[in-house]
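> Sequence:
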Amino acid sequence: MSRKHHHFKGAEVSCCVKYFLFGFNIIFWLLGAAFLGIGLWAWAEKGVLSNISSITDLGGFDPVWLFIVVGGVMFILGFAGCIGALRENTLLLKFFSVFLGLIFFLELTAGILAFVFKDWIKDQLNFFINNNVKAYRDDIDLQNLIDFAQEYWSCCGAHGPNDWNLNMYFNCTELNPSRERCGVPFSCCVKDPAEDVINTQCGYDVRLQVVNGEMEQQRSIYTKGCVGQFEKWLQDNLIVVAGIFVGIALLQIFGICLAQNLVSDIKAVKANW
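Take the sequence shown: its letters are residues 1 to 273, numbered as in the UniProt record's numbering.
Straight-line Cα separation of at most 20 Å, EDC-like style, residue types lysine to aspartate or glutamate; simulated pairs:
{"#": "1", "residue 1": "Lys191", "residue 2": "Asp147"}
{"#": "2", "residue 1": "Lys267", "residue 2": "Glu88"}
{"#": "3", "residue 1": "Lys46", "residue 2": "Asp141"}
{"#": "4", "residue 1": "Lys46", "residue 2": "Asp139"}
{"#": "5", "residue 1": "Lys18", "residue 2": "Glu88"}
{"#": "6", "residue 1": "Lys224", "residue 2": "Asp205"}
{"#": "7", "residue 1": "Lys134", "residue 2": "Glu151"}
{"#": "8", "residue 1": "Lys232", "residue 2": "Asp119"}
{"#": "9", "residue 1": "Lys122", "residue 2": "Glu231"}
{"#": "10", "residue 1": "Lys191", "residue 2": "Glu151"}
{"#": "11", "residue 1": "Lys118", "residue 2": "Asp236"}
{"#": "12", "residue 1": "Lys224", "residue 2": "Asp119"}
{"#": "13", "residue 1": "Lys232", "residue 2": "Glu151"}
{"#": "14", "residue 1": "Lys118", "residue 2": "Glu231"}
{"#": "15", "residue 1": "Lys134", "residue 2": "Asp123"}
Pair ranges (Cβ atoms, derived):
{"#": "16", "residue 1": "Gly23", "residue 2": "Leu91", "range": "16 to 24 Å"}
{"#": "17", "residue 1": "Asn199", "residue 2": "Gly23", "range": "43 to 51 Å"}
{"#": "18", "residue 1": "Leu113", "residue 2": "Asn199", "range": "38 to 46 Å"}
{"#": "19", "residue 1": "Ile140", "residue 2": "Leu106", "range": "25 to 33 Å"}
{"#": "20", "residue 1": "Leu91", "residue 2": "Ile38", "range": "29 to 37 Å"}
Since the hints were derived computationally from the structure, they do not count as laboratory data.
Source: prediction; values computed, not measured.
We treat Cβ as the ideally placed atom computed from N, Cα and C, and that holds for glycine.
I would like the entire structure built from these sequences, with the hints used as guidance.
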């Protein structure tokens with residue numbers, strides 16, 4: 001019997017499983033390559049590729065890392081699953097299964113730890129945001145990420161606008177020569193629906209506005225911190241967020257099952273040779 005049809009004494013490789021796994025993974029392979037390309041392009045634009053040591057210069061979080069790490073993982077997984085299924089390579093298929101299983105285990109562990117150590121996670125989130133507040137002007141990608149978060153969640157700083165004292169451009173010390181002294185980024189400003197063009201100077205001097213000993217910030221900027229607003233958003237969208245994580249988990253389990261099924265078929269065919 002011809003090996004081309006993978007049939008011998010009743011044992012055969014399922015074409016449906018093989019090509020479904022191949023098609024499923026080629027999408028992730030291409031997406032991973034795209035994410036990697038975007039990340040490397042962003043680093044090239046910022047001069048990181050010509051000076052690798054500058055990776056550690058940023059005091060806060062570089063969003064490009066998300067594209068590099070996620071793209072790299074997707075590229076490796078997609079490659080192993082795609083080529084493993086197409087070439088019926090059990091080594092690559094086992095690597096795909098184990099790697100995907102490890103990611104699933106890490107996600108499950110992170111979810112359990114996040115639930116058990118909620119207060120610690122909250123403290124770490126506060127520390128993370130404040131670190132990035134300090135580095136706000138150091139990287140344009142980080143700046144855009146913070147602006148997006150503050151606009152989306154209608155918040156300002158980790159716990160409030162005064163967290164921006166941590167940034168050298170916005171702190172209220174008398175020796176600060178910056179025009180942004182005692183201000184906040186424009187993303188903290190309450191948007192006027194009548195304005196079509198964003199006023200990037202709307203946050204200037206807002207923390208100097210004092211009336212009868214009380215800050216009059218509520219009229220012009222968001223006064224709630226991003227940690228609290230994120231928690232509120234998470235509670236309001238708990239079903240959607242949980243659904244997304246469950247959907248991702250099911251996809252991972254499905255991928256592992258397909259790969260293991262294909263490995264079993266390949267071993268059954270080889271055993272009959």
